[in-house]
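Asker: Next come the chains, spelled out residue by residue.
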Amino acid sequence: MHIQISNLSFGYDYRTVLKNISFSLEIGDFLVVVGNNGSGKSTLVKCILGINPVPSKKVFLDGTDINDFKKWVKIGYVPQKMDDFNYEFPISVNEIMHVSKSSKVSEKEKLELFDRIGILELQNENINSLSGGQMQRVFIARAMINKPEVLILDEPTIGVDTDNVNRFYRIINDLNSEGVTIILITHSLQPGKANFNHVMHLHEGVAEFTSVSDMHEGGG
Amino acid sequence: MDAIMLTSFLRAIIEREFMQFALITGILVGLLAPIIGSFVVIKRLSLIADTLSHFSLAGLSIGLFLLNILRLPIGDPLYIGMVFAVIGALLIEALRSYYKNYKEISMPIVISLGTALSALFISLAGGFNTEIYNYLFGSILTVGRNFVYIIAITTVVILTLIFIFYKQIVIISFDETYARLLGIRVNLFQFFSTIFLGVVVSLSIETVGVLLVSSLMIIPVAAAMKIGRSFKTTLMIAILFSEVSVILGLWLSFRLGFPSGATIVLFNITILLGVVVMKKLFTRRNLEEKQEQPITVK
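Protein sequence lines, in the order shown, are assigned to chains H and E. Under the numbering used here, the residue at position 122 of the first sequence is numbered 122, and the numbers go up by one with no gaps. Under the numbering used here, the residue at position 114 of the second sequence is numbered 114, and the numbers go up by one with no gaps.
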C-alpha cells in the first residue's frame, strides 16, 4: 500500500503536536519513527489510522484521501501496551481472532498464522492468563489475521523480555521481506534488529528524516 | 418435607396461570439480563443499569400521576417507564461524549434527575402506595399475559440481533478503537445497544424492582468472570447462575411468602460468595501443591 502524508499538522485543543509532516511510503518500505515521550509519535499513528480526524488532502492511503478510505482491513495495528483492549474480562485467544477476522480468512490460514507467530499452543488460553510477551504476539497475530498490506506497531516491545523482543523483530522482518509495509514507533532505535529503510526522528512535532545509507556511512 | 414443598411448587406452576407467567418472565429475564450485563461489565459501565432503573422510575411515577390523578387513558405506566429508560440511556451517551475525560459524571447527573422526578411525581400521584412498592422491589408474581408477550418478543429480537451481529458487538465491547479500524460503525451499534439496554432494564423492573435491577444484570456476570476461561463459557455460566437464582428465588418466595425480587437477588449474592470462597480455596491449594513439589535444576 502507498501512503502519502502532505504538510500534516495536528493538535489537541490549543497545543500543536504535529507540525507540517510530509513523507511517502511505497509497498514494502520499513519506516521507524523515533522520538521521546510526547514528541507526537502516537498522534501521527492515530492520524494515519483515521482515529484522529484530519483535514482532507493531508493523508492519502493507496491514493484515496483518508476521509474517503474504506478498506481498513488492509491495515494491521498493534496498539501501545494494548491499553485499548479490556483484557481483564475472560476471552480466549481463539475468540479474539474469531471476532477480528474477516470471513474470507479460512480456519487453516488462521492456524498457519498462529504457528508462525508462535501462539498455536495458546489458542484456547484466556487472554488475562498470558505473559506480556505472549500477549504481544497475540496482538501481532490479530493485526495480521486479515492479511494487511501495512502493519503499524506502536511501541510494541515495551515491557517485553529480550528473547521475545528478538523474536518480535524476526517476525516483522520476515513480514517486511514478504512485501508488508511496516511503520514501527519506538523510543529507541535498534539498527541491528530491525531491517528498516527509513527513519523519522520526531522532536516536538517536527520530523527529520535519515536515510539508512547515511546511517551506515556514519557508522550507525 | 422438601419433596412435598417442591411438589406443591410444581403443582402451582401447572395449575395457576400467575405462576406460569412468573416462571416464564423469570426465565426470560434471567436469560436476557446476564447477556446484556456481560457487555455492560466489559465496558466498565456496571452502574448504568442502576442509573437507568432510577430514570425509568421517573417514567413510571409520571405514568401513575397521569393515570391515577389526571385520569388519562395511557394504559400501563410500564410503557412510559420503558420510554424513560431509553431516554435516560441516550442522555448518558450524550453526557459521556460531552465530558470526554470525565465520562463517569454522566451517571450521577442522570440518576439525580431520575430520582428527583420520581420523588416529585410519586408525591403528585398521591404518595407511597402498593404500586410504588412493587416498582421499587419487584412483583414478578403479579405480571400479566401482556407483559409475558412483551418480554418474549423482546427476548427473541435481542437474541436474534446478538446472533447476527455477534462479532461486531464483541469487538466493540472489548476494543472500540480496533472495531473502528475494522470499519464497524461503532456509533450506530452503540446507539442501538443503548436503546436495548434501556428496554431490558425497564422490563427487569417487574421482576426485581428498580432498586435491584442492576444486581440481576451484574452479579451473575461478576461470579462467572471469576471462573470462565473464555467469553462464551463465561456467558453460559452467568446465564446458569442467573436462572438458578430466579427459579430458587421464585420457589422460596412462593413457599415462605418472601418478596420474590429480594429472594432472587439474595440467591445471586449467595452464588457470588460461594464462587469467591471456592476460587480462593482452589488458588491456595494449587499454590501449596506447587510449593510442595521439589525444585529440580536442569
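Possibly wrong hints are sitting among the right ones.
Claimed, not checked - Stretches of chain E that chain H covers, calculated by requiring three or more beta carbons in the stretch to come under 8 Å of a beta carbon on chain H: (1) 59–69; (2) 179–187; (3) 196–202; (4) 215–229; (5) 249–263.
Said to hold, decoys possible - Examples of chain H residues lying across from chain E (beta carbon under 7 Å, computed): (6) Y14; (7) V17; (8) D62; (9) D65; (10) F85; (11) F89; (12) P90; (13) M97; (14) N126; (15) N128.
Claimed, not checked - Quick list of the computed label-pair ranges, beta carbon to beta carbon: (16) N173/H to G274/E: 34 to 40 Å; (17) D174/H to R185/E: 43 to 49 Å; (18) R285/E to H187/H: 40 to 46 Å.
Note that these hints are calculated values from the structure, not bench results. Virtual Cβ for every residue (Gly too), placed ideally from N, Cα, C.
Asker: Against this structure, judge whether each hint is valid.
Answerer: Cross-check of the supplied hints:
1. 59–69: This one is violated; 0 residues, fewer than the three required, reach chain H with a Cβ under 8 Å.
2. 179–187: It holds: at least three residues are needed, and the region 179–187 of chain E offers 4 whose Cβ sits within less than 8 Å of chain H.
3. 196–202: Coverage by chain H is violated here, the residue count being 0 at a Cβ distance below 8 Å.
4. 215–229: holds (count 3)
5. 249–263: Coverage by chain H is violated here, the residue count being 0 at a Cβ distance below 8 Å.
6. Y14: violated, 16 Å
7. V17: It is violated, given that the least Cβ distance between V17/H and chain E is near 17 Å, above 7 Å.
8. D62: Violated, about 15 Å.
9. D65: violated, 16 Å
10. F85: Holds - the Cβ of F85/H comes within 7 Å of chain E, reaching about 5 Å at its closest.
11. F89: holds, 5 Å
12. P90: holds, 4 Å
13. M97: Because about 11 Å separates M97/H from the closest Cβ in chain E, which is outside the 7 Å limit, the hint is violated.
14. N126: Hint holds; N126/H Cβ to chain E Cβ min 5 Å, cut 7 Å.
15. N128: violated, 10 Å
16. N173/H to G274/E: 34 to 40 Å: About 51 Å separates the Cβ atoms of N173/H and G274/E, which means 34 to 40 Å is violated.
17. D174/H to R185/E: 43 to 49 Å: violated, 35 Å
18. R285/E to H187/H: 40 to 46 Å: holds, 43 Å
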